[in-house]
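I would like the entire structure built from these sequences, with the hints used as guidance.
Residue numbers (the working numbering), protein chains in the order written: chain G, 1 to 169; chain H, 1 to 367.
Any given hint might turn out to be false.
Distance condition first, Cα-Cα at most 16 Å in a straight line; then the derived EDC-like pairs of lysine to aspartate or glutamate [claimed, not checked]:
hint, chain 1, residue 1, chain 2, residue 2
1, H, Lys2, G, Asp43
2, H, Lys252, H, Glu22
3, H, Lys2, G, Glu137
What follows is a list of derived Cβ distance ranges for each label pair [stated by the list, open to error]:
hint, chain 1, residue 1, chain 2, residue 2, range
4, H, Asn140, G, Glu145, 49 to 57 Å
5, G, Ala61, H, Asp96, 38 to 46 Å
6, H, Thr289, G, Asp6, 28 to 36 Å
7, G, Glu23, H, Glu6, 18 to 26 Å
8, H, Glu6, G, Arg8, 21 to 29 Å
9, H, Gly181, G, Arg60, 51 to 59 Å
10, G, Asp66, H, Glu6, 44 to 52 Å
To give an idea of the chain G side of the interface with chain H (calculated C-beta under 8 Å), a few residues [as the list claims (entries may be wrong)]:
hint, residue
11, Trp30
12, Tyr38
13, Ala44
14, Glu48
15, Asp49
16, Gln52
17, Glu53
18, Phe55
19, Leu59
20, Ala61
Hints were generated in silico from the structure; no laboratory data involved. Every residue gets a Cβ at the ideal spot worked out from N, C-alpha and C, and that includes glycine.
One-letter residues, chain by chain:
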Amino acid sequence: MRAGRDERAHLRGAQRGSASDLEALFRIHWPRAHRAAYLVTHDAQAAEDIAQESFLAALRALDRFDRRRPFGPWLHRIVVNRAIDWTRARRLRAEVELSDSLPAGERSAAPQDDVLTALGRLPAEQRAVIVLRHLLEFTPGEIAEALDLPRGTVNSRLRRGLDSLVEEL
Amino acid sequence: MKRELESIEIAGEHDAREQAWEVVRTAFAEREPATPERHRLRFAVVVVAAFALLAAALSPPGRAVLDEIREAVGVERAQPGLFSLPAPGRALVASDAGVWVVQQDGSKRLLGDYRDASWSPFGRFLVATRAHELAALEPNGEIRWTLARRDVRAPRWAGSDTNTRIAYLTTSRVHVVAGDGTGDVDAGGPAARVAPVWRPGPEFTLTYVNTVGRVSGPWATAPGPGWSRRFRAPRKLEWSSDGTRLLLLTRKALVLFGPRSSTPLSIRTERLVDAAFRPRSHELAVIRTRQGVSELLLGQRVLFRGTGRFRDLAWSPDGRWLLVGWPAADQWVFVRADGGSIRAVAKVSRQFRSESFPDVVGWCCAP
Numbered sequence: 001m002r003a004g005r006d007e008r009a010h011l012r013g014a015q016r017g018s019a020s021d022l023e024a025l026f027r028i029h030w031p032r033a034h035r036a037a038y039l040v041t042h043d044a045q046a047a048e049d050i051a052q053e054s055f056l057a058a059l060r061a062l063d064r065f066d067r068r069r070p071f072g073p074w075l076h077r078i079v080v081n082r083a084i085d086w087t088r089a090r091r092l093r094a095e096v097e098l099s100d101s102l103p104a105g106e107r108s109a110a111p112q113d114d115v116l117t118a119l120g121r122l123p124a125e126q127r128a129v130i131v132l133r134h135l136l137e138f139t140p141g142e143i144a145e146a147l148d149l150p151r152g153t154v155n156s157r158l159r160r161g162l163d164s165l166v167e168e169l
Numbered sequence: 001m002k003r004e005l006e007s008i009e010i011a012g013e014h015d016a017r018e019q020a021w022e023v024v025r026t027a028f029a030e031r032e033p034a035t036p037e038r039h040r041l042r043f044a045v046v047v048v049a050a051f052a053l054l055a056a057a058l059s060p061p062g063r064a065v066l067d068e069i070r071e072a073v074g075v076e077r078a079q080p081g082l083f084s085l086p087a088p089g090r091a092l093v094a095s096d097a098g099v100w101v102v103q104q105d106g107s108k109r110l111l112g113d114y115r116d117a118s119w120s121p122f123g124r125f126l127v128a129t130r131a132h133e134l135a136a137l138e139p140n141g142e143i144r145w146t147l148a149r150r151d152v153r154a155p156r157w158a159g160s161d162t163n164t165r166i167a168y169l170t171t172s173r174v175h176v177v178a179g180d181g182t183g184d185v186d187a188g189g190p191a192a193r194v195a196p197v198w199r200p201g202p203e204f205t206l207t208y209v210n211t212v213g214r215v216s217g218p219w220a221t222a223p224g225p226g227w228s229r230r231f232r233a234p235r236k237l238e239w240s241s242d243g244t245r246l247l248l249l250t251r252k253a254l255v256l257f258g259p260r261s262s263t264p265l266s267i268r269t270e271r272l273v274d275a276a277f278r279p280r281s282h283e284l285a286v287i288r289t290r291q292g293v294s295e296l297l298l299g300q301r302v303l304f305r306g307t308g309r310f311r312d313l314a315w316s317p318d319g320r321w322l323l324v325g326w327p328a329a330d331q332w333v334f335v336r337a338d339g340g341s342i343r344a345v346a347k348v349s350r351q352f353r354s355e356s357f358p359d360v361v362g363w364c365c366a367p
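Here it is, written out as structure tokens:
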């Protein structure tokens, strides 16, 4: 409850032009937004771009945002949809990997973690519902609304995704 | 599962957060709504400043100071009108009224309420933007085609006699469209508000800055085997006319690259307002401002100096003249690159029917 009140206060402050309130919102929500984008795209650079772009999109709509609604789910919905779009676009373009031409500090992390590796083998659409459900704690109904999918599709993607993860792990 | 997902390590997580915060903070500062309190404060500051200036002006020593300032800002013998350009070619100017084509004889034509524009490779056409429209025009203002896109800006046209491409930015993407307005594609990832640049040459290779300050390219119209490297606060990209040097201007440095590698050839750590390659050369002209005084330099040589901030550096197509804007004086100053002479034009804003100081967005080839 307290966190919700704080968030509403920060939202109100940010809408009135307070940079410190905006920073508070950013610090609260960036880690999950960035992580969600990374888990869907498996690309650190893209995740950074997507999370940042989503914050900028949220910023553009800040004045119109209804303070009674929670900010986090709204932002996460933007992030995950953009991450899915990015993954689809990359697949369509059959993008050439840049890793050979990048300096060491610029490279995306190699997926060393078992969970990350297993997650990476799932289709982006399944990754997205798993991230929404198990990282961002959306209900299946909320996922269906966020991704504009029938609830049955969400449930089947969740089930198939988790089954595949269990097999991989 | 939640714990597992939260414990996955993401490379550069801290840097990403701080860089993103800087971008978000800057965007927020630009959009910050004015509150009634700030209006009152601003009014109070204006009133205090007005009284202080009046008091200063009425006292004999104060009058002397104001006279000195008046003389120091602007070239004293500036021409009252833009009677001609000092070199062959035509200029494109963006003012509050729209985009103008200025002929060498000084005649001007307002093309319409566009906000940005650039020339086609041989100056036969130009591409201009307004809020949600990209338009290809003839220099007489006749529209060849238009394309509706959201928040279009920074168009750049490149190519040969028979095959051309236009790169442009939308709200957050970089797009490429053929010179005849067909085949529009989303050419890359999220793009920052820095004009993309085509590398001069037979191939269409594009370099642009993404929203986290990563310079990407040169790419052949879609991301491919180029390079990508992040810089703090990039502001401008420009290729030398032979396509072998790429200039990147950031808030605190000027970085030069060779044609292929992301490893800089040189880094000049200095706050510069603008920089531009001399046509058919690797010589660089730059504007820098220190303690309220601006300087125009070619290499290490100061060509011109004045009080206030210069901006909008443009080379004449023949590489013999430089044009700088001097908003505090409401003047354009044409400076010969050999330092031999200057020509200033006064009351530039009024000549282009503008409240704000007009931008020179291109000075191109003679007809």
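Verification of the supplied hints:
no. : hint                            : verdict
1   : H:Lys2 / G:Asp43                : violated, 20 Å
2   : H:Lys252 / H:Glu22              : holds, 15 Å
3   : H:Lys2 / G:Glu137               : holds, 9 Å
4   : H:Asn140 / G:Glu145: 49 to 57 Å : holds, 53 Å
5   : G:Ala61 / H:Asp96: 38 to 46 Å   : violated, 28 Å
6   : H:Thr289 / G:Asp6: 28 to 36 Å   : violated, 43 Å
7   : G:Glu23 / H:Glu6: 18 to 26 Å    : holds, 22 Å
8   : H:Glu6 / G:Arg8: 21 to 29 Å     : holds, 25 Å
9   : H:Gly181 / G:Arg60: 51 to 59 Å  : violated, 28 Å
10  : G:Asp66 / H:Glu6: 44 to 52 Å    : violated, 29 Å
11  : Trp30                           : holds, 5 Å
12  : Tyr38                           : holds, 5 Å
13  : Ala44                           : holds, 5 Å
14  : Glu48                           : holds, 4 Å
15  : Asp49                           : holds, 5 Å
16  : Gln52                           : holds, 4 Å
17  : Glu53                           : holds, 5 Å
18  : Phe55                           : holds, 5 Å
19  : Leu59                           : holds, 6 Å
20  : Ala61                           : violated, 11 Å
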